[in-house]
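Those protein sequence lines, which keep their order, are chains A and B.
Letter 125 of the first sequence, counting from 1, is numbered 124 in numbering that gives the first Met the number 0, and no numbers are missing.
Letter 63 of the second sequence, counting from 1, is numbered 62 in numbering that gives the first Met the number 0, and no numbers are missing.
Be careful, since some hints might not be right.
[What the hints assert, rightly or not] In silico DSS-like links for lysine-lysine, alpha-carbon gap of 30 Å or less:
hint: 1; chain 1: A; residue 1: Lys52; chain 2: A; residue 2: Lys14
hint: 2; chain 1: B; residue 1: Lys58; chain 2: A; residue 2: Lys52
hint: 3; chain 1: B; residue 1: Lys58; chain 2: A; residue 2: Lys14
hint: 4; chain 1: A; residue 1: Lys180; chain 2: A; residue 2: Lys14
Everything labelled a hint here was simulated from the structure, so no lab data went into it.
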Amino acid sequence: MSVHVASLGMGRYGKRPEGLIDLATEAANLALEGVGRRPIDLLVVGSMMALGKHGPEALLPRLASRLGLESAQGLRLDSASGTGGMTFHAAALALESGRYQRALVVAAEKMTDRTTAVVTRALAASLDASEAAAGGTMPALASLVTQRYLQRYRLPDTICDEATVHARANAVANPTAHFQKAVTAAEVAASRPVALPLRLLHCSAISDGATALILERGTGPATVLGLGQALDSIRIVDRDDLTTFAASRLAAQRAYEDAHLAPSDIQVAEVHDAFSPFLFVHMEDLGLCEPGTGPRALAAGEIRRDGRLPVNPSGGVIGRGHPVAASGLAEIAEVALQLRGEAGARAIARTPTIGLAHAMSGIAAHNFVTILGRAAP
Amino acid sequence: MTDADELALARCEACHARFLPTDGPCPRCGSREVRTYLSPPLGVVLAATEVTTPAEGWKPPHRLALIEMPQSVRLLAIVDGPVPAPGDVVAVRRDGEVYRARTEPGLAGGRGEGESPGPGDARPAPFEPPR
Numbered sequence: 000m001s002v003h004v005a006s007l008g009m010g011r012y013g014k015r016p017e018g019l020i021d022l023a024t025e026a027a028n029l030a031l032e033g034v035g036r037r038p039i040d041l042l043v044v045g046s047m048m049a050l051g052k053h054g055p056e057a058l059l060p061r062l063a064s065r066l067g068l069e070s071a072q073g074l075r076l077d078s079a080s081g082t083g084g085m086t087f088h089a090a091a092l093a094l095e096s097g098r099y100q101r102a103l104v105v106a107a108e109k110m111t112d113r114t115t116a117v118v119t120r121a122l123a124a125s126l127d128a129s130e131a132a133a134g135g136t137m138p139a140l141a142s143l144v145t146q147r148y149l150q151r152y153r154l155p156d157t158i159c160d161e162a163t164v165h166a167r168a169n170a171v172a173n174p175t176a177h178f179q180k181a182v183t184a185a186e187v188a189a190s191r192p193v194a195l196p197l198r199l200l201h202c203s204a205i206s207d208g209a210t211a212l213i214l215e216r217g218t219g220p221a222t223v224l225g226l227g228q229a230l231d232s233i234r235i236v237d238r239d240d241l242t243t244f245a246a247s248r249l250a251a252q253r254a255y256e257d258a259h260l261a262p263s264d265i266q267v268a269e270v271h272d273a274f275s276p277f278l279f280v281h282m283e284d285l286g287l288c289e290p291g292t293g294p295r296a297l298a299a300g301e302i303r304r305d306g307r308l309p310v311n312p313s314g315g316v317i318g319r320g321h322p323v324a325a326s327g328l329a330e331i332a333e334v335a336l337q338l339r340g341e342a343g344a345r346a347i348a349r350t351p352t353i354g355l356a357h358a359m360s361g362i363a364a365h366n367f368v369t370i371l372g373r374a375a376p
Numbered sequence: 000m001t002d003a004d005e006l007a008l009a010r011c012e013a014c015h016a017r018f019l020p021t022d023g024p025c026p027r028c029g030s031r032e033v034r035t036y037l038s039p040p041l042g043v044v045l046a047a048t049e050v051t052t053p054a055e056g057w058k059p060p061h062r063l064a065l066i067e068m069p070q071s072v073r074l075l076a077i078v079d080g081p082v083p084a085p086g087d088v089v090a091v092r093r094d095g096e097v098y099r100a101r102t103e104p105g106l107a108g109g110r111g112e113g114e115s116p117g118p119g120d121a122r123p124a125p126f127e128p129p130r
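The following block holds chain B by itself, in its conformation from the complex (with noise of 0.2 Å):
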């Protein structure tokens, strides 16, 4: 994996809290001292759905998943393939104002083929940072 594919992210150095970079302060305690870290860009879906009824502009199917990333940073994603299920392993890139995930085949957590439960009915897998 190359430096490019990190992902950044944003920690407060006040509080310690991470979440995703903003032009404003930490959305936890207000503090501005706010620094970008760059993070490996896998992330486990704890919810994801497929939009039927887009908003004016986007096509159907339009698929969205709540991501944790590591150190509990969340982000809501454009899913890129079918919609995964909660546990699931994804690998994020940023596109320009949004973000893009797709599910990594293979790696831990994820589901093969055939065996996947509906979104809502599986409890997420607890967080473990990809090694």
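Just chain A, with the same shape it has in the complex (with noise of 0.2 Å):
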């Protein structure tokens, strides 16, 4: 049974006043205007921290009654910062099933009422507790999986300032991203240090936002061709190659043979840069390019809107900021507007048939490959 994004509501991505409900409200009212408010029988809800004002929040029923959906059913998820992609994967397997008709899925974080220090613990729960509690961040472990790739390829420190430019170009044409103002590799190679070499600019920012979709029985522009999603070990000590995440690599085998496709058919792509030189080894593990060579294929310009292969042309998480549940969603968004012609200003040179999103939890510790497109007749 085919299911395809009938319609998609996002918000403005930053540093908003609105607390949790509000924002995922905000996204839900747009998507949910897309479809002329037809009825949604099965509400399917992302939040990795949940956080309102006093504390975790019952998320699920209090959007539902926000909302008025208390006659649908409903499923929360969470599975840090790829639950994004789970909510959707989740939405899509149960409209396949057969049980329901129609999805509203939102995924949604709130991120900025709190400090910096209390947010770097609450995301550090996404690693394995012997390395969360040897004071590991997602920063910390992050440089170490960047200093690897680095080092393997023999690449000048550079290229994560390349990338940054690179997602901070694309988000200036994305009018509901945190950063709206595009960046030099100066000065983004000036920014101060986090864990070097990762800088400032180099990490994903502390963002508030929601993304939501209506997910349909049918065919479109956007119909899901493939889902694909993986498990790793959590501890990254019990990797063998840090230059490479396998849940990426047997996420995107999975969503490549559900579709029936290859790498090569895939025409624009949203990948999970919460660390701006991760756009390279998720281009590499997607099969998108040779592994080592994401950087000369950004040099290159094939990235970009008009190049070959344009990848995260919404600025992706760097440029986009990460409200750490809600980005998955996002990326899917993202493809889903550019094959819908959705995308305005910054549409890709050519309008896509295939897209694929991908999303990461932690340190790729579960992943999850989304492949949407024009189904075949």
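Each chain sits in its own coordinate frame; assemble them with the hints.
Here it is as structure tokens:
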């Protein structure tokens, strides 16, 4: 049974005065208006921290009540920063089962009302307990991954700067992105160290935001063609090779097999660049370029909006901002927008017919690959 | 070196993988036939960083290193002292629930003062067990 993205809604990402429920409601209403408020029989909600003013929120029933969706059934999911990808997969699988007609999928996070130290500790919950106990943080472990990648392919630190420049340049054309201003490589290289070689502008921002999608039975320009996900050891010390993420490779392999497609069929991709050099690792793991050649593809202009294979036309996680649970769904929403020809100023040069979105949990402990496109007749 | 300086690591009897001790099964094959063994406490730094924005409860500067112990066992350790460079040999000890590493001056693979490559710009030396 085919399932397609019928509508999507996104509020502005960034530092927002509203709380979690308001952000989720805003995105959900935009998506609901896109289908003329036709009935919803499944509500799938994702948030990692689900932080309200007084602590964790009972997000799903509160959102259902705000939206008048008490007659629907609901699921609330969490896989850290992979949550957005997982909400979409769960909704698509539920619709494919034939049990539901139309699902509203919402992923939201409220983060900016806490200090950086508190958020950093909360995000370290997506790491293995032994690695968090040593004071491991997401940027610290991402720094180790980045160093191994640079060492293996004998690349200079400056490729990280160029990845940020790419993300921020694309975000300028995305009115919902946290960052609306481009940066130069020199500005990135002069930003303050977080965990060298990673500096502030190599790390995704703490942001508020929500994305919503309507998935319904049937076909359209953004039909679900393939789904794949995979887990990996949460302990990075158990991974033989840190220059590649096995969970991305396996999730991609499963999604390509599900879709009967190959990496060469992909015309636009959104990858989970929580740290700017991860752009390259992800492109390589998804088969979009050869191992170690991501930086060359960027330098050659291949992944720009007018390039051979545009990657992260939305600005990616670096440009869009990173309300953790929402990012994975924003990636899928961007691919759907591009496929539907609704991407406005950030539309890629040729309207694509097949696109891929990738979401990552923690340091690639649970990754999701979603392939959307026009269904074969 | 006394026995007390040796580090407890784990070995899977089914697939012969070596790894850090955990309460669970072998992370590679899932077998529960896991035994601990003692290893010399010297390892080689694969990558290291200084966390200038640590999590709540930690004070900067907080330094961490990814270290390869004999037989490809890897661990994440808190570094006491300056950030080591890839290829440096460090002494590792267990401290409660964490590992701590300290640069061992004068050991093969170690570097002298003033000739340190920054993290990320050197390829790690292939591991050779210290003799």
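Results of checking the hints against the structure:
1. A:Lys52 / A:Lys14: holds (15 Å)
2. B:Lys58 / A:Lys52: Holds - the C-alpha atoms of A:Lys52 and B:Lys58 are around 27 Å apart, at most 30 Å.
3. B:Lys58 / A:Lys14: holds (26 Å)
4. A:Lys180 / A:Lys14: holds (15 Å)
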